[in-house]
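**Student:** Okay, so the sequence shown: first residue is 0 according to numbering that gives the first Met the number 0, each after it adds one.
Treat the hints as calculated values from the structure; they're not laboratory data. Hints are supplied without guarantee of correctness; some may be wrong.
To be verified - Simulated crosslink set (SDA-like; lysine to any residue; CA at most 25 angstroms straight-line):
#: 1; residue 1: 128; residue 2: 95
#: 2; residue 1: 128; residue 2: 72
#: 3; residue 1: 68; residue 2: 122
#: 4; residue 1: 88; residue 2: 130
#: 5; residue 1: 82; residue 2: 36
#: 6; residue 1: 82; residue 2: 52
#: 7; residue 1: 88; residue 2: 107
#: 8; residue 1: 76; residue 2: 58
#: 9; residue 1: 82; residue 2: 107
#: 10; residue 1: 120; residue 2: 71
#: 11; residue 1: 88; residue 2: 18
#: 12; residue 1: 82; residue 2: 119
#: 13; residue 1: 76; residue 2: 51
#: 14; residue 1: 128; residue 2: 77
#: 15; residue 1: 68; residue 2: 113
#: 16; residue 1: 82; residue 2: 23
#: 17; residue 1: 82; residue 2: 49
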Amino acid sequence: MRFFCLFFWIVLTGCRGHYLSIAREPVGPEFLASTFVRAPDPMRKKTMEGTRLFVSYRLPFSLDPQEHKIVLEVLFKDFSVQKWIFEMKFRSGVESVTFVDEEFRERRGILGYRAVLVNQKAVVIDERKSSFMPPLKK
0 MRFFCLFFWI VLTGCRGHYL SIAREPVGPE FLASTFVRAP DPMRKKTMEG
50 TRLFVSYRLP FSLDPQEHKI VLEVLFKDFS VQKWIFEMKF RSGVESVTFV
100 DEEFRERRGI LGYRAVLVNQ KAVVIDERKS SFMPPLKK
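Go ahead and model the full structure; you've got the sequences and the hints to work with.
**Tutor:** Here it is, written out as structure tokens:
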């Protein structure tokens, strides 16, 4: 039993994990809160389309959250780029960006995205990106 516990402790603590993760989720009327509680809502009858990006982060104790920020770059299918900077207040959390209806249609959807964890000196600590995200000019 000791060997078993020691083996799993070594395996689970031996690798450095990533501090960032990105999830992409479609947005439609079925994702409204009123759908889950079965409340009447005129928005459910409306045709709604879009997408939502979730950037979750978890910092180790060796990194101070006040000295780091997350830079999110989104490349749209019309080849426009939008950039957000999220200041971090806690060691873990989730930031989200939603594109629905007109904004989503005029940009024709998301082509790629990148989230970068940087410190105050703009040194990249961690980076997560979609499979199609070309290098962008600074």
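**Student:** Against each hint, give a clear statement of whether it holds in the structure.
**Tutor:** Here's how the hints hold up against the structure:
no.: 1; hint: 128 / 95; result: holds, 15 angstroms
no.: 2; hint: 128 / 72; result: holds, 9 angstroms
no.: 3; hint: 68 / 122; result: holds, 11 angstroms
no.: 4; hint: 88 / 130; result: violated, 29 angstroms
no.: 5; hint: 82 / 36; result: violated, 34 angstroms
no.: 6; hint: 82 / 52; result: holds, 13 angstroms
no.: 7; hint: 88 / 107; result: violated, 33 angstroms
no.: 8; hint: 76 / 58; result: violated, 32 angstroms
no.: 9; hint: 82 / 107; result: holds, 17 angstroms
no.: 10; hint: 120 / 71; result: holds, 17 angstroms
no.: 11; hint: 88 / 18; result: holds, 15 angstroms
no.: 12; hint: 82 / 119; result: holds, 17 angstroms
no.: 13; hint: 76 / 51; result: holds, 15 angstroms
no.: 14; hint: 128 / 77; result: holds, 19 angstroms
no.: 15; hint: 68 / 113; result: holds, 14 angstroms
no.: 16; hint: 82 / 23; result: holds, 16 angstroms
no.: 17; hint: 82 / 49; result: holds, 18 angstroms
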